[in-house]
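A.B. asks: This is what each chain is made of:
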Amino acid sequence: MDFKNYYAVLGVNRTATHDEVKRAYRKLARKYHPDVSKEADAETRFKEVAEAHEVLIDPEKRAAYDEMGQRRERGQPFEPGGFEFSGRGGEAMGDGDARFSDFFESLFGRGGGERQRHPSAGRMPTQGEDHHAKVVIDLLDAYLGAQRSINLRVPLVDAQGHTTLQERRLDVSIPKGVREGQHLRLAGQGAAAHGAGQPGDLYLEIKFRPHPQYRLDGRDVHVHLPVTPWEAALGAEVPLPTPQGVVQLTVPPDSSQGRKLRLKGRGLPGKDPGDLYAVLNIVLPPSTAEGAKAAYQAMALAFQAFDPRTAATTSSEA
Amino acid sequence: MVEPLREVVEALIVEEHVVFTLPDLCRACGADAAQLQALVSEGLLHPAGNTPSGWRFSGHSLARARTALRLNRELDIELAAVALVMDLLDEIEVLRDRLAHELPGG
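These protein sequence lines map, in sequence, to chains A and B.
Going by our numbering, the letters in the first sequence line up with residues 1 to 318, in that order.
Going by our numbering, the letters in the second sequence line up with residues 1001 to 1106, in that order.
Calculated directly from the structure, the hints in this document are not laboratory data.
Be a bit skeptical, because a hint or two may be false.
[Claimed, not checked] Label-pair distances were calculated between CB atoms; the ranges are:
| # | chain 1 | residue 1 | chain 2 | residue 2 | range |
| --- | --- | --- | --- | --- | --- |
| 1 | B | 1053 | A | 262 | 44 to 54 Å |
| 2 | B | 1046 | A | 70 | 16 to 26 Å |
| 3 | A | 67 | B | 1097 | 48 to 58 Å |
[Unchecked claim] Covered stretches of chain A (chain B as the covering partner; in silico rule of three or more C-beta atoms under 8 Å from a C-beta of chain B):
| # | stretch |
| --- | --- |
| 4 | 29–35 |
| 5 | 181–195 |
| 6 | 198–204 |
| 7 | 234–242 |
All values derive from a computational prediction rather than experimental measurement.
The C-beta atom is built at its ideal place from N, Cα and C for all residues, glycine as well.
Only chain A is shown next, with the shape it has when bound in the complex (with noise of 0.2 Å):
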């Protein structure tokens, strides 16, 4: 197990004072924090602050790592755990994905700075909790609707209070037209009642794979289709592949490159379907193939007085 360098995750010296602690943790915490950050890492990097911040803040829990590091340099043996804390529970982190590394729950526990839920005042003290996970779907899943098999990390306290994390396979059916952001909610299926109550319920946050077809925004659903340059010319009939099914799409004549044409309806299904669009893209022949020199150079000699810079020119000037 690696030792976790908290002085270093939050930039301050060992010296550091209680009120210097929590302003580098505020400025960390707002650059860090997934809910207003776009950084690529946030979620890790908040974990690591957040951590950081609960070990550091805390005299107690600080004076234990301190003693630790001291031991850890002087060559002593890296032995954590053993330590009593008073009890005064952590600040409450969210959910099971954002449980403190194994390093400080060897040294604090798993309750040392672990999210005491808030009695609730509403509700039946024997219910189960309910939990919350974030699982990654195939947006053809959610065109069509799909019964998938599903991993998830579960949380579990064993009888001497330690904390392993269990696999726990679901398999759901997915309903159709679940948006990216949703949530779907498994009634039942989050942690077990105490005593006779009711279980609590899952819920999952939906993100989408990304699909190398299909480009989503929103409801609407983009896909690319290549054209040649007399179908864009003189219109055509051509096939378009769409998630549900192959479509005959019309391309109207003197279509341009990046052209979108809509297939209401047919983007992500629901009360409110999205929209589906083309996005025309045209592909020359190569000018090696055979005759091809010939064909382009006699539409060079058709369109002596075409000129796209001039056109375009004067078309984008509006």
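Since the structure of chain A is provided, determine the placement of chain B on it from the hints.
C.D. replies: Only chain B this time, still in chain A's reference frame:
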């Protein structure tokens, strides 16, 4: 060979099909009633109904309440400021969206 039967769990889309009472939402957020009442009085949540016991929260309230509670707790900012931050985050999202649509190839 017969594969062992596995139970398939049905799932509801919270944002479309779920309405929460106050105790429901408390449980789903791991919060107590006083905390959620504070979010309502700050204008962060807009339940239908007049009294806390009659309140009905839309499915969107779940994500909103959890975000508000996280910001409140983890950034240590009071609820009035949380409300402002969330309004600004919503606005940033609208602007990002518009930007994505106006950029060529978007």
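A.B. asks: Each of the hints needs a verdict: does it hold here or not?
C.D. replies: How the hints compare with the structure:
1. B/1053 to A/262: 44 to 54 Å: holds, 47 Å
2. B/1046 to A/70: 16 to 26 Å: At roughly 54 Å between Cβ atoms, residue 70 of chain A and residue 1046 of chain B fall outside 16 to 26 Å, so the hint is violated.
3. A/67 to B/1097: 48 to 58 Å: holds, 52 Å
4. 29–35: holds (count 4)
5. 181–195: Held - the stretch 181–195 of chain A has 8 residues with a Cβ nearer than 8 Å to chain B, which meets the minimum of three.
6. 198–204: Coverage by chain B holds here, the residue count being 4 at a Cβ distance below 8 Å.
7. 234–242: Violated, because only 0 residues of the stretch 234–242 of chain A bring their Cβ atoms closer than 8 Å to Cβ atoms of chain B.
In summary, the structure is inconsistent with hints 2 and 7 from the numbered list given earlier, while agreeing with the others.
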